[in-house]
Amino acid sequence: MNLKDKIKMYLLALFTTLAICLDPEKFYGNLTKIQNPFKVGLMTVCIISGGLILFYKAVRGYSVNALEKIVSMAFAIFMTLGFSYARMNSWQLVFGSFRMFFISIIICIGYYVLFKRIFDLINIKIQHIKVEDYKLEKMGKLRCVMKFIDERPFLSSLLIIITFWLIYIIAFYPVILSPDPSFQIKQFFNVDTKYAEGVIKLDENVNITNHHPVVHTLLLGGCISLGRFIGSDNFGLFIYSMIQIGILASTLSYTIKYLKKVNISLKVRLILLMIYSIVPMFPFYAMSAVKDTIYTSFMILYVIFLYDFITFNKEKKITNIKVIYIILLLFLISLFRNNGIYVVMLSFPFIIGFSKKNRIKTLAVFAIFISLTTCYSKVILPYFKIANGSIREMLSIPFQQTARYVKYYGDEVSEEDKRAIDKILIYDTIAERYQPELADPVKNKYNKYATSDDLKEYFKAWFRGLRKHPGIYIEATINNVYGYFYPNAIKWYTYHKFDCRITKDNLVDYSYNNLQGLRDKLVAYQGIFPYVPFIGLISNIGFNTWILLIMGVYLFTFKKKEYIIVLMPLYASVLICIASPANTYFRYAMPYIFSNCVLIPLLLNSIARNKL
Numbered sequence: 001m002n003l004k005d006k007i008k009m010y011l012l013a014l015f016t017t018l019a020i021c022l023d024p025e026k027f028y029g030n031l032t033k034i035q036n037p038f039k040v041g042l043m044t045v046c047i048i049s050g051g052l053i054l055f056y057k058a059v060r061g062y063s064v065n066a067l068e069k070i071v072s073m074a075f076a077i078f079m080t081l082g083f084s085y086a087r088m089n090s091w092q093l094v095f096g097s098f099r100m101f102f103i104s105i106i107i108c109i110g111y112y113v114l115f116k117r118i119f120d121l122i123n124i125k126i127q128h129i130k131v132e133d134y135k136l137e138k139m140g141k142l143r144c145v146m147k148f149i150d151e152r153p154f155l156s157s158l159l160i161i162i163t164f165w166l167i168y169i170i171a172f173y174p175v176i177l178s179p180d181p182s183f184q185i186k187q188f189f190n191v192d193t194k195y196a197e198g199v200i201k202l203d204e205n206v207n208i209t210n211h212h213p214v215v216h217t218l219l220l221g222g223c224i225s226l227g228r229f230i231g232s233d234n235f236g237l238f239i240y241s242m243i244q245i246g247i248l249a250s251t252l253s254y255t256i257k258y259l260k261k262v263n264i265s266l267k268v269r270l271i272l273l274m275i276y277s278i279v280p281m282f283p284f285y286a287m288s289a290v291k292d293t294i295y296t297s298f299m300i301l302y303v304i305f306l307y308d309f310i311t312f313n314k315e316k317k318i319t320n321i322k323v324i325y326i327i328l329l330l331f332l333i334s335l336f337r338n339n340g341i342y343v344v345m346l347s348f349p350f351i352i353g354f355s356k357k358n359r360i361k362t363l364a365v366f367a368i369f370i371s372l373t374t375c376y377s378k379v380i381l382p383y384f385k386i387a388n389g390s391i392r393e394m395l396s397i398p399f400q401q402t403a404r405y406v407k408y409y410g411d412e413v414s415e416e417d418k419r420a421i422d423k424i425l426i427y428d429t430i431a432e433r434y435q436p437e438l439a440d441p442v443k444n445k446y447n448k449y450a451t452s453d454d455l456k457e458y459f460k461a462w463f464r465g466l467r468k469h470p471g472i473y474i475e476a477t478i479n480n481v482y483g484y485f486y487p488n489a490i491k492w493y494t495y496h497k498f499d500c501r502i503t504k505d506n507l508v509d510y511s512y513n514n515l516q517g518l519r520d521k522l523v524a525y526q527g528i529f530p531y532v533p534f535i536g537l538i539s540n541i542g543f544n545t546w547i548l549l550i551m552g553v554y555l556f557t558f559k560k561k562e563y564i565i566v567l568m569p570l571y572a573s574v575l576i577c578i579a580s581p582a583n584t585y586f587r588y589a590m591p592y593i594f595s596n597c598v599l600i601p602l603l604l605n606s607i608a609r610n611k612l
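Residue numbers for the sequence shown, in UniProt numbering: 1 to 612.
No lab work stands behind these hints: they were computed from the structure.
Check each hint, because a few of them may be wrong.
Derived pair list, reagent style SDA-like, types lysine to any residue, alpha-carbon separation capped at 20 Å [said to hold, decoys possible]:
#1 Lys491 with Lys267
#2 Lys257 with Cys144
#3 Lys147 with Leu158
#4 Lys561 with Ile547
#5 Lys125 with Ile109
As the structure is a computational prediction, the values presented were derived from the model and not from experiment.
Using the sequences and the hints given, assemble the complete structure.
Laid out in structure tokens, this is it:
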């Protein structure tokens, strides 16, 4: 390495060190108060700088393509903006002054260089991926166990996963309830809830709505009714837990079996099996009665179907049994999450155009799916007087933009616009209700009696605000979504607290057992896990979003664009997160976080074997 290259390497390492360690907030305001400009101590800064120099030296000499550079720049921008929003709920630490903008440019350059070098590292590793398997005869005493795992991948995986999860099942018996499933149970027993109050009922005596998927509500309530018939509400809730655990554990076990089908090594399968067994997000959500667990299981199966179809069925016709299977799977996706229909609509049409030999069958699948979902929402639900959820659930983005605009520029809102906003969202309190990372306080005041004309007038007022202050609208949206792209945004990600909503008025006899000490230890473990270096990233929302984007980049790089179809349901899930009412909300990102675990080895090993 010549002197010029050494100087360049040291400068790049310096920029990245500043990006990682510098605290921009300390430069915001009075500079005379600055003592330590870093987030960490000087010794840590030196260690990071030294590590970066060694890292950059190891990966020098490799080049990245244009697409990798674009993604690297996007990562740098989100890391820079993400820090500002995490600290100040605004972009003031980036655009607040010329000084802040200059510092942000330095930070942005540092992260850009880092991500480019990470691409270099990935390129190196992909070229040296070893796909050979362990030799069972060399495993000594473990040979019999490994042979069982290798030859019976589904059964062995299921037994191992359930064994590791057993401590969670015992500790959180009968089930972990959170607000959403508690409200669903109340709806099942026809108790009035805020979700019934937020819609125009088709029948005043029917308090169940489709705000939460009706099928999941019926499953929850039906299990309680069965348990009550047997003699215990708690046991009924445990029946639900067993059904959900069975679905999730079987799905994860099937992914191990599928990896064997496509000749992925036993070593990789064992690593994935250990992830399923010891990473706390899996058992915690197996015991949490949220609709997202079963929905995510179906999403994993859908992603594997897409991969299998592209790999094996381009020139081979799919069987009628598989046609029935995919119709059922797509319908279940739409039944267990209302926005599941959008996931299917944004992904399955690509399959129709992929294989000429299967075009008629895939068209038929899509047509039947549309017919079933239409019949369900337009015929079956109205027949039972079940109202659909409110349109407010689709309007989180504009509502948050309006609320932020009123909060910061309320004195500029005309009387006409105030009236238009008031007919939809109650103008007088909207500024007070505004929470930058949660749209519920704003959208929950939506006027269910608002007419289409009222909405038109509201959007006219919304557009006038956009013309006056487009920046405030952009800020509102970034503030509500940045955590999905910012790996440093780590918030709670599992449910574990006892929810007493359904115990009021003796509606349901629900209680935890007396193993509070064990529960506390498991909760502590799940709380620590996201901060464990490297492996904690498995449950990191922002990290998994970038993994999705990186996988797309490499599919383009290796000229295997057809496999982008496999990622389309997960990209649709990211879009749903962006449109969602909450920032960095784990269960919204569950479909792609859980699916990434199997997709990464699938795509990497396929590249290594040149079978994509």
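These are the hints, each one checked on the structure:
1. Lys491 with Lys267: Answer violated: lysine 491 to lysine 267 is near 32 Å, above 20 Å.
2. Lys257 with Cys144: holds, 18 Å
3. Lys147 with Leu158: holds, 15 Å
4. Lys561 with Ile547: holds, 17 Å
5. Lys125 with Ile109: violated, 24 Å
When the structure is compared with the earlier hints, violations turn up for hints 1 and 5 and for no others.
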